[in-house]
Amino acid sequence: MTRAQQRKIEGGIALTLSTLAAFLGLFWLVFILGDVLVHGIKALNLSLFLSDPAPPGMEGGGLKNAFIGQLLITLFATMIGVPVGVLGGTFLAEYARGRKIARIISVLADIMVSVPSIVIGTFIYAILVRPMGHFSGWAGSVALSIIMIPVVLRTTEDMLSLVPWTLREAAFALGAPYYKVITQVVYRGAATGILTGILLSIARVAGETAPLLFTSFNNSFFSTDMKGPMSSLTVTIFQYAMGPYEDWHAQAWAAAFVITVFILFLTITGRLIIKWRYK
Amino acid sequence: MLPLLKKNPVDLVFSSITAIASFSVILFIIGILYVLISESSLAIGKFGVIKFLTSTDWDPVKESFGALTNIYGTVVTTFLSLVLAIPVAIGIAIFVTEISPNFLKGPIGAAIELLAAIPSIIYGMWGLFTLSPIMSAYIEPFLKKITANIPFVSILFQGTPMGIDILTASVILSIMIIPFTASIARDSFNLTPAVVKESAYAIGATKWEVIKNVVIPYSKLGVFGGIVLSLGRALGETMAVAFVLGNNHRITTSLLDAAATITVTLANEFAEADNDVYLSSLFYLALVLFVMSFITLAIAKFFLLKAERKYSR
Numbered sequence: 001m002t003r004a005q006q007r008k009i010e011g012g013i014a015l016t017l018s019t020l021a022a023f024l025g026l027f028w029l030v031f032i033l034g035d036v037l038v039h040g041i042k043a044l045n046l047s048l049f050l051s052d053p054a055p056p057g058m059e060g061g062g063l064k065n066a067f068i069g070q071l072l073i074t075l076f077a078t079m080i081g082v083p084v085g086v087l088g089g090t091f092l093a094e095y096a097r098g099r100k101i102a103r104i105i106s107v108l109a110d111i112m113v114s115v116p117s118i119v120i121g122t123f124i125y126a127i128l129v130r131p132m133g134h135f136s137g138w139a140g141s142v143a144l145s146i147i148m149i150p151v152v153l154r155t156t157e158d159m160l161s162l163v164p165w166t167l168r169e170a171a172f173a174l175g176a177p178y179y180k181v182i183t184q185v186v187y188r189g190a191a192t193g194i195l196t197g198i199l200l201s202i203a204r205v206a207g208e209t210a211p212l213l214f215t216s217f218n219n220s221f222f223s224t225d226m227k228g229p230m231s232s233l234t235v236t237i238f239q240y241a242m243g244p245y246e247d248w249h250a251q252a253w254a255a256a257f258v259i260t261v262f263i264l265f266l267t268i269t270g271r272l273i274i275k276w277r278y279k
Numbered sequence: 001m002l003p004l005l006k007k008n009p010v011d012l013v014f015s016s017i018t019a020i021a022s023f024s025v026i027l028f029i030i031g032i033l034y035v036l037i038s039e040s041s042l043a044i045g046k047f048g049v050i051k052f053l054t055s056t057d058w059d060p061v062k063e064s065f066g067a068l069t070n071i072y073g074t075v076v077t078t079f080l081s082l083v084l085a086i087p088v089a090i091g092i093a094i095f096v097t098e099i100s101p102n103f104l105k106g107p108i109g110a111a112i113e114l115l116a117a118i119p120s121i122i123y124g125m126w127g128l129f130t131l132s133p134i135m136s137a138y139i140e141p142f143l144k145k146i147t148a149n150i151p152f153v154s155i156l157f158q159g160t161p162m163g164i165d166i167l168t169a170s171v172i173l174s175i176m177i178i179p180f181t182a183s184i185a186r187d188s189f190n191l192t193p194a195v196v197k198e199s200a201y202a203i204g205a206t207k208w209e210v211i212k213n214v215v216i217p218y219s220k221l222g223v224f225g226g227i228v229l230s231l232g233r234a235l236g237e238t239m240a241v242a243f244v245l246g247n248n249h250r251i252t253t254s255l256l257d258a259a260a261t262i263t264v265t266l267a268n269e270f271a272e273a274d275n276d277v278y279l280s281s282l283f284y285l286a287l288v289l290f291v292m293s294f295i296t297l298a299i300a301k302f303f304l305l306k307a308e309r310k311y312s313r
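Line order of the protein sequences matches chains A and B.
The opening residue of the first sequence carries number 1 in my numbering; numbering runs sequentially from there.
The opening residue of the second sequence carries number 1 in my numbering; numbering runs sequentially from there.
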């Protein structure tokens with residue numbers, strides 16, 4: 001065998017292995033999604049959304065409490081996390097643009113994005129749950145918002161930096177103060193991007209389980225009281241999947257199906273907007 | 001630098017509000033560190049630092065706690081998942097940037113990103129109901145059989161294949177971190193200037209030689225940063241492993257045994273801790289995890305920034 005043939009064969013093997021790796025990645029996606037879809041659709045029915053859980057071991061019942069709880073917790077987390085994140089990103093991209101402090105906060109926010117979410121759960125337990133004396137929906141919302149803030153902050157910073165500086169200069173030249181330039185020119189230019197960042201950050205926190213385990217905890221009854229323990233889909237999935245009843249497992253699959261579809265919908269929408277707007 | 005700043009009172013108020021909002025990130029980090037240290041002070045006083053980190057005790061009844069079994073579980077599952085994930089992730093990145101026809105680039109890239117968007121609880125549940133039975137029925141007995149006569153390696157596969165063990169947890173974890181590593185590696189590969197690659201082709205290099213000798217050396221900083229970032233994520237992953245690791249506070253040599261990671265211990269025991277020393281020890285564990293992952297992520301960020309500076313020159 002000549003040297004040239006040897007090199008060709010070596011290259012062929014390496015490239016084949018890479019191709020196989022890519023299809024292995026694709027295989028896992030299809031496998032996991034397919035499994036969730038098949039099991040989830042089988043267990044999906046109307047009473048899942050309309051009725052509360054039956055006592056353990058009994059047939060029937062639904063997860064209305066968990067759906068409502070998840071919505072409330074995520075909604076309030078968004079209401080806390082989005083303003084703080086957007087304003088914080090504004091500071092980094094506008095008032096502190098190019099300064100050392102902006103770089104430091106930006107790096108720290110990037111690190112915060114990946115900090116173990118369960119640690120944030122223990123933090124909120126210590127500062128909110130124990131002083132209040134009981135688990136609460138608010139504690140869950142605050143825990144999720146702490147995960148959300150760095151995500152929104154970084155995307156806002158990036159999106160505002162994409163708005164051309166000359167646009168701001170044009171507004172300055174008309175005598176507008178900086179806050180007006182930001183709210184009326186820069187925000188408008190970056191609105192789509194910021195909105196996409198918010199969508200993706202909601203997708204990120206909607207699937208979080210670990211920080212809710214000891215903040216909002218769980219509640220087998222219907223409750224809209226944010227001051228008390230509150231059920232969420234993710235914690236319910238954890239409890240039901242680990243539980244001994246077949247009926248629970250089926251409902252856990254159904255809940256997993258709903259949450260996966262919701263999150264993938266948000267993610268795909270976000271990606272499409274980015275592709276369409278920032279090509 | 002900014003001509004109109006501070007001239008207008010509304011501007012002053014608005015800029016202060018945005019400043020406070022952005023400083024919340026620093027506040028959270030300092031707050032988490034402070035709260036975790038003060039909450040674990042009872043356990044720090046009782047067990048010290050070195051003794052806590054090296055003790056294998058985990059006995060709520062005798063109130064004697066040590067972190068070593070948890071750290072061991074965390075390190076072993078993380079290491080194993082990286083070993084499984086890195087080759088696949090690099091392969092995906094090579095395929096998407098260099099091999100794939102253009103019409104496949106988009107869909108495969110999107111699919112990898114969707115894999116990253118699936119919440120970890122879904123991975124965990126899928127692992128428990130689907131992967132774990134497959135592992136215990138086919139893959140683990142097979143591994144046991146082929147390694148049975150190899151000295152030392154066979155120690156790794158001792159015991160009954162139950163599917164609830166370190167190996168299954170590592171496989172799930174590796175599926176979870178493949179997308180992170182792959183997308184950063186892909187972005188780094190893409191930054192290799194076409195001119196450099198074309199020069200290599202011009203002197204007769206094959207495609208694989210270009211990848212091996214030009215693309216990978218050129219982008220190694222970014223790829224390395226991506227790997228360390230995935231390491232940081234894997235250290236703190238909770239729900240994907242909580243389902244399939246069991247909760248076993250022992251140091252085992254077999255990958256077919258149940259174990260415990262810091263995150264799994266926290267998830268299973270935190271809400272049930274019934275005395276002060278127990279709870280304080282759990283906060284201590286959380287502190288160890290926070291410090292471990294923070295340092296890892298900071299190193300990752302350092303390499304990624306360094307890579308960014310190199311490419312932007």
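Read the hints as simulated data drawn from the structure, not as lab findings.
Glycine included, C-beta positions come from ideal geometry on N, C-alpha and C.
Any given hint might turn out to be false.
[Unchecked claim] Some chain B residues well away from chain A (every beta-carbon gap over 10 angstroms; in silico): (1) 98; (2) 179; (3) 211; (4) 218; (5) 254; (6) 257.
[Said to hold, decoys possible] Okay, derived cross-link-like pairs now, BS3-like style, lysine-lysine, Cα gap no bigger than 30 angstroms in a straight line: (7) 197/B / 306/B; (8) 275/A / 62/B; (9) 105/B / 212/B; (10) 62/B / 8/A; (11) 8/A / 145/B; (12) 310/B / 275/A; (13) 197/B / 207/B; (14) 275/A / 46/B; (15) 306/B / 275/A; (16) 62/B / 46/B; (17) 8/A / 207/B; (18) 8/A / 105/B; (19) 301/B / 212/B; (20) 220/B / 197/B; (21) 100/A / 207/B; (22) 100/A / 62/B; (23) 220/B / 145/B; (24) 197/B / 64/A; (25) 51/B / 62/B; (26) 180/A / 100/A; (27) 100/A / 197/B; (28) 100/A / 301/B; (29) 180/A / 275/A; (30) 212/B / 8/A; (31) 197/B / 301/B; (32) 51/B / 275/A; (33) 310/B / 207/B.
Here is how each hint holds up against the structure:
1. 98: violated, 8 angstroms
2. 179: violated, 8 angstroms
3. 211: violated, 8 angstroms
4. 218: holds, 17 angstroms
5. 254: holds, 24 angstroms
6. 257: holds, 19 angstroms
7. 197/B / 306/B: Cα-Cα ~22 angstroms, so holds.
8. 275/A / 62/B: violated, 59 angstroms
9. 105/B / 212/B: holds, 21 angstroms
10. 62/B / 8/A: violated, 65 angstroms
11. 8/A / 145/B: violated, 36 angstroms
12. 310/B / 275/A: holds, 27 angstroms
13. 197/B / 207/B: holds, 9 angstroms
14. 275/A / 46/B: Judged against 30 angstroms, a Cα distance of about 56 angstroms means the pair is violated.
15. 306/B / 275/A: holds, 28 angstroms
16. 62/B / 46/B: This hinted pair holds, its Cα atoms lying about 13 angstroms apart.
17. 8/A / 207/B: Holds. Residue 8/A to residue 207/B sits at ~9 angstroms (cutoff 30 angstroms).
18. 8/A / 105/B: holds, 24 angstroms
19. 301/B / 212/B: Holds - the C-alpha atoms of residue 212/B and residue 301/B are around 25 angstroms apart, at most 30 angstroms.
20. 220/B / 197/B: Within the cut-off at roughly 15 angstroms; holds.
21. 100/A / 207/B: The given pair, whose Cα atoms are some 42 angstroms apart, is violated under the 30 angstroms limit.
22. 100/A / 62/B: violated, 51 angstroms
23. 220/B / 145/B: Violated. Residue 220/B to residue 145/B sits at ~38 angstroms, over the 30 angstroms cutoff.
24. 197/B / 64/A: violated, 57 angstroms
25. 51/B / 62/B: It holds: about 16 angstroms lies between the C-alpha atoms, which stays within 30 angstroms.
26. 180/A / 100/A: holds, 25 angstroms
27. 100/A / 197/B: violated, 36 angstroms
28. 100/A / 301/B: holds, 16 angstroms
29. 180/A / 275/A: holds, 29 angstroms
30. 212/B / 8/A: holds, 14 angstroms
31. 197/B / 301/B: The hint holds at about 27 angstroms.
32. 51/B / 275/A: violated, 53 angstroms
33. 310/B / 207/B: Given pair residue 310/B, residue 207/B holds - Cα atoms ~24 angstroms apart, limit 30 angstroms.
Checked against the numbered hints above, the structure violates hints 1, 2, 3, 8, 10, 11, 14, 21, 22, 23, 24, 27 and 32; every other hint is satisfied.
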